[in-house]
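Asks: Sequence:
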Amino acid sequence: MKWSYFIRQKVKAAALLTGILVVVALASLSMIQAIQYMEQSIESVYADRLKPAVDLVHLSELFHRKRLLMQSFLTGQSPLMIQELKMELVKDNAQSDSLISSFEKTRLIGAEEEKLDVFKADMTAYVKLENSVLQLEQTSRRKEAIVLFENQGGKIFQDGVSTLHAIADIQSDIGRKAVKSAHRQAAGGFIIFMLLIAVCVVVGLVILGLIKNETLIDRKSELFHLN
Numbered sequence: 001m002k003w004s005y006f007i008r009q010k011v012k013a014a015a016l017l018t019g020i021l022v023v024v025a026l027a028s029l030s031m032i033q034a035i036q037y038m039e040q041s042i043e044s045v046y047a048d049r050l051k052p053a054v055d056l057v058h059l060s061e062l063f064h065r066k067r068l069l070m071q072s073f074l075t076g077q078s079p080l081m082i083q084e085l086k087m088e089l090v091k092d093n094a095q096s097d098s099l100i101s102s103f104e105k106t107r108l109i110g111a112e113e114e115k116l117d118v119f120k121a122d123m124t125a126y127v128k129l130e131n132s133v134l135q136l137e138q139t140s141r142r143k144e145a146i147v148l149f150e151n152q153g154g155k156i157f158q159d160g161v162s163t164l165h166a167i168a169d170i171q172s173d174i175g176r177k178a179v180k181s182a183h184r185q186a187a188g189g190f191i192i193f194m195l196l197i198a199v200c201v202v203v204g205l206v207i208l209g210l211i212k213n214e215t216l217i218d219r220k221s222e223l224f225h226l227n
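Residue numbers (this note's numbering): 1 to 227.
Heads up, some of the hints might be wrong.
Quick list of in silico lysine to aspartate or glutamate cross-link-like pairs, DMTMM-like style, CA-CA up to 20 Å [to be verified]: (1) LYS155 with GLU43; (2) LYS51 with ASP173; (3) LYS180 with ASP169; (4) LYS177 with GLU112.
DEER-style ranges, computed between Cβ atoms [claimed, not checked]: (5) SER172 with LYS120: 14 to 24 Å; (6) LYS177 with LYS143: 43 to 53 Å; (7) SER172 with SER72: 31 to 41 Å.
Quick caveat, the hints were computed from the structure, so don't treat them as lab data.
Keep in mind the model is a prediction, meaning the values are calculated, not measured.
Where is the CB? At the ideal position from N, CA and C, for every residue including glycine.
Sequences and hints are given; from them, build the entire structure.
Replies: If you want it as structure tokens, here you go:
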């Protein structure tokens, strides 16, 4: 009688513990996946959002710098000679091309690619305009150069700045969504962690119950032998 009871209890305990182990294994796998996803999200936010955002700032600074260099030169406030100005513009253009190339290597959505193509077109148009302005300046037609720079150049410049702002807005929106997704994964991981704690508590209670039942059976067996 005692042995049959022990066998039944062991079978029940084995089945229960097997189920608990399965739950623990599945929960652990889910936690590992959640952690991996969070790690990927964080890496993506840095590589595809934060770093490109810094590149956008540098692009904007270079764009404004080119504008100010030319403006200072045309108004006679720059100490640079025309050849020195050309060298500065060439250097800024090379840095801008490098930043754009770096930006293109990141993970971009369709809207970002479209806006980036627009900005590249604006940059190309602005470089051509700078060359036209300098040609007018070299032929002593400064007034025409200033008009071209202020009117057509001003429009291209504003379009380029607006495009950079649009790209930055898209970057911010995508980054915000990535952070929210990481928060959801973190919340899911916390729930799984609490589930594992609950499972550990259940295992402890089951073990205590088995120990208690075994103790009671032993006492009953001792009383039976005494009688």
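Asks: Of the hints given before, which are not true for this structure?
Replies: Violated hint (a single one): 1; every other hint is consistent with the structure.
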